[in-house]
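Enquirer: Sequence:
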Amino acid sequence: MEQEIKFDMSEKTNREILRFQLEQLAEVSKDCLTEELSKITSSMIEIVSYLENNQSVQ
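Here this note's numbering runs 1496 ahead of the position in the sequence shown, where the first position is 1.
Simulated from the structure, these hints should not be mistaken for lab results. Keep in mind that a hint or two might mislead.
Label-pair ranges, simulated between beta-carbon atoms [what the hints assert, rightly or not]:
#  : residue 1 : residue 2 : range
1  : T1537     : S1506     : 27 to 33 Å
2  : E1542     : T1509     : 16 to 22 Å
3  : Q1520     : N1549     : 17 to 23 Å
4  : T1530     : D1504     : 30 to 36 Å
5  : K1508     : E1542     : 15 to 21 Å
6  : L1547     : D1527     : 23 to 29 Å
7  : T1509     : M1540     : 15 to 21 Å
8  : E1507     : S1534     : 30 to 36 Å
9  : L1533     : S1506     : 31 to 37 Å
10 : F1516     : N1549     : 17 to 23 Å
11 : K1526     : D1504     : 20 to 26 Å
12 : N1550     : Q1520     : 15 to 21 Å
The structure presented is a predicted model; accordingly, all values stated were derived computationally and were not measured. Here a beta-carbon is modelled for each residue, glycine too, at the ideal position from N, C-alpha and C.
Start from the sequences, fold in the hints, and give me the full structure.
Expert: What follows is the structure, given as C-alpha coordinates:
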(Lines of atoms letter the chains of each structure in order from A and count residues from 1; the text may use other names and numbers.)
(Lines give C-alpha, C1' and ligand atoms only; values in the text may rest on other atoms or scores of the structure.)
Protein backbone atom coordinates (compact mmCIF):
# COMPACT_ATOMS: atom_id res chain seq x y z
CA MET A 1 0.00 0.00 0.00
CA GLU A 2 1.42 3.35 -1.01
CA GLN A 3 1.36 6.15 1.48
CA GLU A 4 0.68 9.68 0.32
CA ILE A 5 3.39 12.03 1.51
CA LYS A 6 2.63 15.70 1.91
CA PHE A 7 5.56 18.08 1.69
CA ASP A 8 5.07 21.80 1.09
CA MET A 9 8.02 22.79 -1.07
CA SER A 10 7.01 26.42 -1.42
CA GLU A 11 8.89 27.49 1.71
CA LYS A 12 11.72 24.94 1.63
CA THR A 13 15.29 25.44 0.50
CA ASN A 14 16.78 23.21 -2.19
CA ARG A 15 18.87 21.46 0.46
CA GLU A 16 15.76 20.70 2.55
CA ILE A 17 13.96 19.33 -0.50
CA LEU A 18 16.91 17.12 -1.44
CA ARG A 19 17.22 15.89 2.15
CA PHE A 20 13.52 15.01 2.14
CA GLN A 21 13.95 13.09 -1.11
CA LEU A 22 16.90 11.18 0.34
CA GLU A 23 14.90 10.31 3.46
CA GLN A 24 12.02 9.06 1.31
CA LEU A 25 14.37 6.90 -0.76
CA ALA A 26 15.80 5.40 2.42
CA GLU A 27 12.30 4.65 3.71
CA VAL A 28 11.18 3.07 0.45
CA SER A 29 14.30 0.93 0.27
CA LYS A 30 13.22 -0.95 3.41
CA ASP A 31 10.44 -2.67 1.45
CA CYS A 32 12.30 -3.23 -1.83
CA LEU A 33 13.31 -6.37 -3.55
CA THR A 34 17.03 -6.94 -3.91
CA GLU A 35 17.02 -6.08 -7.61
CA GLU A 36 15.41 -2.70 -6.88
CA LEU A 37 18.00 -1.66 -4.31
CA SER A 38 20.69 -0.83 -6.86
CA LYS A 39 18.47 1.78 -8.52
CA ILE A 40 17.55 3.31 -5.17
CA THR A 41 21.18 3.32 -4.05
CA SER A 42 22.17 5.03 -7.31
CA SER A 43 19.52 7.69 -6.73
CA MET A 44 20.79 8.27 -3.20
CA ILE A 45 24.35 8.63 -4.48
CA GLU A 46 23.20 11.14 -7.09
CA ILE A 47 21.52 13.27 -4.42
CA VAL A 48 24.52 13.15 -2.09
CA SER A 49 26.90 13.93 -4.97
CA TYR A 50 24.75 16.88 -5.96
CA LEU A 51 24.84 18.23 -2.42
CA GLU A 52 28.61 17.78 -2.17
CA ASN A 53 29.26 19.47 -5.51
CA ASN A 54 26.85 22.34 -4.93
CA GLN A 55 27.84 23.78 -1.60
CA SER A 56 25.91 26.92 -2.46
CA VAL A 57 22.59 25.03 -2.40
CA GLN A 58 20.50 26.71 0.25
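Enquirer: Lying within 23 to 29 Å: is that true of the beta-carbon distance L1547 to D1527?
Expert: 25 Å, holds
Enquirer: For the hint 17 to 23 Å, verify it against the beta carbon of F1516 and that of N1549.
Expert: 19 Å, holds
Enquirer: Does the hinted range 27 to 33 Å hold for T1537 and S1506 at CB?
Expert: About 30 Å separates the Cβ atoms of T1537 and S1506, which means 27 to 33 Å holds.
Enquirer: Given the range 31 to 37 Å, decide if the beta-carbon distance of L1533 to S1506 lies inside it.
Expert: 32 Å, holds
Enquirer: How does the Cβ-Cβ distance of N1550 and Q1520 compare with 15 to 21 Å: does it lie in that range?
Expert: 20 Å, holds
Enquirer: Check the following: the C-beta atoms of T1530 and D1504 are separated by a distance inside 30 to 36 Å.
Expert: 34 Å, holds
Enquirer: If you check the beta carbons of K1526 and D1504, does the distance land in 20 to 26 Å?
Expert: For K1526 and D1504 the Cβ distance comes to about 25 Å; the hint holds.
Enquirer: Is the gap between the beta carbons of K1508 and E1542 within 15 to 21 Å?
Expert: 19 Å, holds
Enquirer: How does the Cβ-Cβ distance of Q1520 and N1549 compare with 17 to 23 Å: does it lie in that range?
Expert: 21 Å, holds
Enquirer: Return holds or violated for the Cβ distance of T1509 and M1540 against the range 15 to 21 Å.
Expert: With a Cβ separation near 19 Å, T1509 and M1540 satisfy 15 to 21 Å, so the hint holds.
Enquirer: Within 30 to 36 Å: is that where the Cβ-Cβ distance between E1507 and S1534 falls?
Expert: 34 Å, holds
Enquirer: Hint says 16 to 22 Å; check whether the CB-CB distance for E1542 and T1509 agrees.
Expert: Because 19 Å falls inside the window, the suggested range holds.
Checked against the numbered hints given earlier, this structure breaks none of them.
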